[in-house]
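Undergrad: Next come the chains, spelled out residue by residue.
Number of protein chains: 2
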Amino acid sequence: PDATAIAAATARNGQLTKPPGALGRMEALAIWMAGWQGTDKPRADQPQIVIFAGNHGVTARGVSAFPAEVTVQMVANFAHGGAAINQLAKAFGAKLDVHALDLDRPTADFTEQPAMSEAEVVAVLRKGFEAVDPTAHLFVAGEMGIGNTTVAAALAAALYGGTGWAGRGTGVDDAGLARKEAAVAAGLARHAAVLSDPLQVLRCLGGREIAAMAGAILGARMARVPVILDGFIACAAAAVLEVATPGALDHCVAGHLSAEGAHGRLLERLGKEPLLSLGLRLGEGSGAALAIGVLQGAVACHSGMATFAEAGVAAGG
Amino acid sequence: PDATAIAAATARNGQLTKPPGALGRMEALAIWMAGWQGTDKPRADQPQIVIFAGNHGVTARGVSAFPAEVTVQMVANFAHGGAAINQLAKAFGAKLDVHALDLDRPTADFTEQPAMSEAEVVAVLRKGFEAVDPTAHLFVAGEMGIGNTTVAAALAAALYGGTGWAGRGTGVDDAGLARKEAAVAAGLARHAAVLSDPLQVLRCLGGREIAAMAGAILGARMARVPVILDGFIACAAAAVLEVATPGALDHCVAGHLSAEGAHGRLLERLGKEPLLSLGLRLGEGSGAALAIGVLQGAVACHSGMATFAEAGVAAGG
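Which chain is which? The protein sequence lines are A and B, in order.
For what it's worth, our numbering labels the leading residue of the first sequence as 1, then goes sequentially.
For what it's worth, our numbering labels the leading residue of the second sequence as 1, then goes sequentially.
Keep in mind that the hints were calculated from the coordinates and are not lab data.
Among the hints, erroneous ones may be present.
Intra- or inter-copy, both count: the list cannot distinguish identical chains.
With a straight-line cut-off of 27 Å between C-alpha atoms, the simulated BS3-like cross-links for lysine-lysine are [unchecked claim]:
(1) K41 x K95
(2) K41 x K90
(3) K127 x K41
(4) K95 x K272
(5) K127 x K95
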C-alpha cells in the first residue's frame, strides 16, 4: 500500500465534520482503501465481481445435497441474470464476469489421486490472475462448484491441521456430513507427502475454481485493487496464498461470516474480522457482494464529506 | 402486515435458485418487507431518510463534548451536502429531508422542569408523522441535537428502569460522563410522578427531534413503510412507542449496533437484532442508512432471482 496516501487519508479523516472516530470501522476501511488505491480520496463505485465455476471428482463420494450438473445449470442461470449474484451485482453497480472452467471435465477425485496436474493448476491460476480488471475499485471473487465445500475443508485441514473443517454446505444431512469428513481424511492421507507445500496442497486437494480465485486474489494484489473475501470456499482459496506468503492478504477484507460451520475458524486463522454476519451460505460471492455496500458507504463518507473548515462547524474539545 | 403477501413471498422464496435458507437472514428480511409493502416482490430502491434536529436545555449541565451551536452548524452542513448522511443518502439512492425544529429555542432543562409543554410535544409528534413519504420503500429517521444522548439515556432509564444508560456520546471524558449520569438521575427524580406514562416521559424528558422521530416511526407504520432504526437516540424514541403499545415496532428492523455503550441493552429491550455492527456512533441516521444497502440486497435477490423452474436448475434432495 501507498504510505503517502494512507497519511493523507488519515489526516483528511481527522478533519471531516464528525466527532473523532464516530464512523467506527468505516474510517479504517476508507483509509485502507486509500492505501491500496494510492489516493487520499478512494472510490468504490466501479466494483468487479468474477465468478469461477468448476466441477469436482470428489462428488463421486456423495458429498453434496445437489447433483453435479447443477454447476453448469447455475452458470447458465448467471448468464441469464437469474441468480442471487446477478441481483447483488446490479444493486451495487458491479461488473459481473463468469468463467466456467472445463465443467465437462471434473477434477480427479482427490481421495484417489491429485485433483489437478501441474499444468492444469498453473493454467487456472493464470486464468484467475488475468480475470482482474486493474481499473476496478474493488474486487470480489465468487465461486460455483457442486462439492466444493468438501474441497475447501480439505484445503483448510491440510493448511492448518485439525479436524472438523467439513460442514453442511448447501444442506447435507448427518450421513452426508460423515461422507464429507471421510473424504477429507482420505484426501489428507493420500497426499500426506505434500501437505507442507501450499501450492501442492492446492493442486492435489483443490479445484479449478478455487485455484482461479487464488490467482485472482493475487492478480488484484498486483493491480492494487482491494478485495472483499466471500465465505468458506473463497477464504480457503485465500488461505493458500496466506500460508505460502504471510501478508499476502493485506489487500483483502472479510466480507461476511457465513453459516458454514468452520468459516469463523478459518477467518480467525486469516486474522480477518467480517464486515457482515447474516447467516449466508450461498457462495457465488454473494456475501462479499453484499459487503460492497458497506465499503461504498465508507468511501462515500470519507471522500465526499466536508471538513470542519469547509463547513464552518466548530470542532469538539 | 399483509398475510397474503407474506404467504406469497414465502412461497416465492422457496422456489428461488438457491439452496433452501442459503441467503440466511436476507430471506426473512425480504419476506418482512413483502408483508409491510403488501406485495410478494417488495422494492427498496426509493428509500427516504429524514433528519430531525433539536436543541436541549440540558446542555447547560455540561453533558456534551461539543457546544450547542454545532446543531445549527450541522443543519447547514446537511443543507450543503457535506455531512456523512448526505454521502450515504447518495450512495444508496435515498431522498434526504431535514427538519430543524426551533433550534433557537432549546427545550427546557429537564432537571428543572418538563422539557416540553403538551402543545409542543404534540406539534413535533405531528411534524414527524407528516414527514414520512407514504410512497417510500423504506424509511430512516435520523437526528442531530447536541446533548441528545443524555436525553435518550433519561428516556431509557424512565421507560425501563436501572442505571448506566448514559454513555460517551460524541466523546465526553469521565467527568462529562459523570455529569450525564447526574443529569439523568436529577431528571428522573424531578419527573418521578409521570414515569409510568410513556408519552409524559417523552414530554418531560425528551426533546423535539426525539418526539419527531417517534411521530415519524408511527407515521411510517400507518403508511406501511418499513423502518430501519438507527442508534441509541433513535431507539430511545422508538422505545416510547413500544412501551406505550407493545408491537408498535413490528415494522422496524434495527440497522446497527452503535458504539454508544447502552445501545445493545436497549436493542435487547426492543427485541431487535442489529443488521450491522461496525462501531458507528455518529447519529444523523448514518448506521441505519448504511443498512439500507443490506435491505436493498435482500430485496433485489428476492424480487429479481429466477425460480428453479424458470432457470431449468435441478433442486436439491
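Undergrad: All hints are to be evaluated individually against the structure, with a verdict given for each.
TA: Checked hints:
In this homomeric assembly, K41 and K95 come within 27 Å of each other (Cα to Cα) both inside a single copy, at 22 Å, and across copies, at 24 Å. Proximity of K41 and K90 under a CA criterion of 27 Å is satisfied in both settings, with 24 Å inside one chain copy and 16 Å between copies. For a Cα distance limit of 27 Å, the shortest separation of K127 from K41 qualifies neither inside one copy, at 31 Å, nor across copies, at 38 Å. Proximity of K95 and K272 under a CA criterion of 27 Å is satisfied intra-copy only: 25 Å inside one chain copy versus 34 Å between copies.
Taking the closest pair of Cα atoms, K127 and K95 come within 27 Å of each other only inside a single copy of the chain (18 Å); across copies the shortest separation is 42 Å, beyond that limit.
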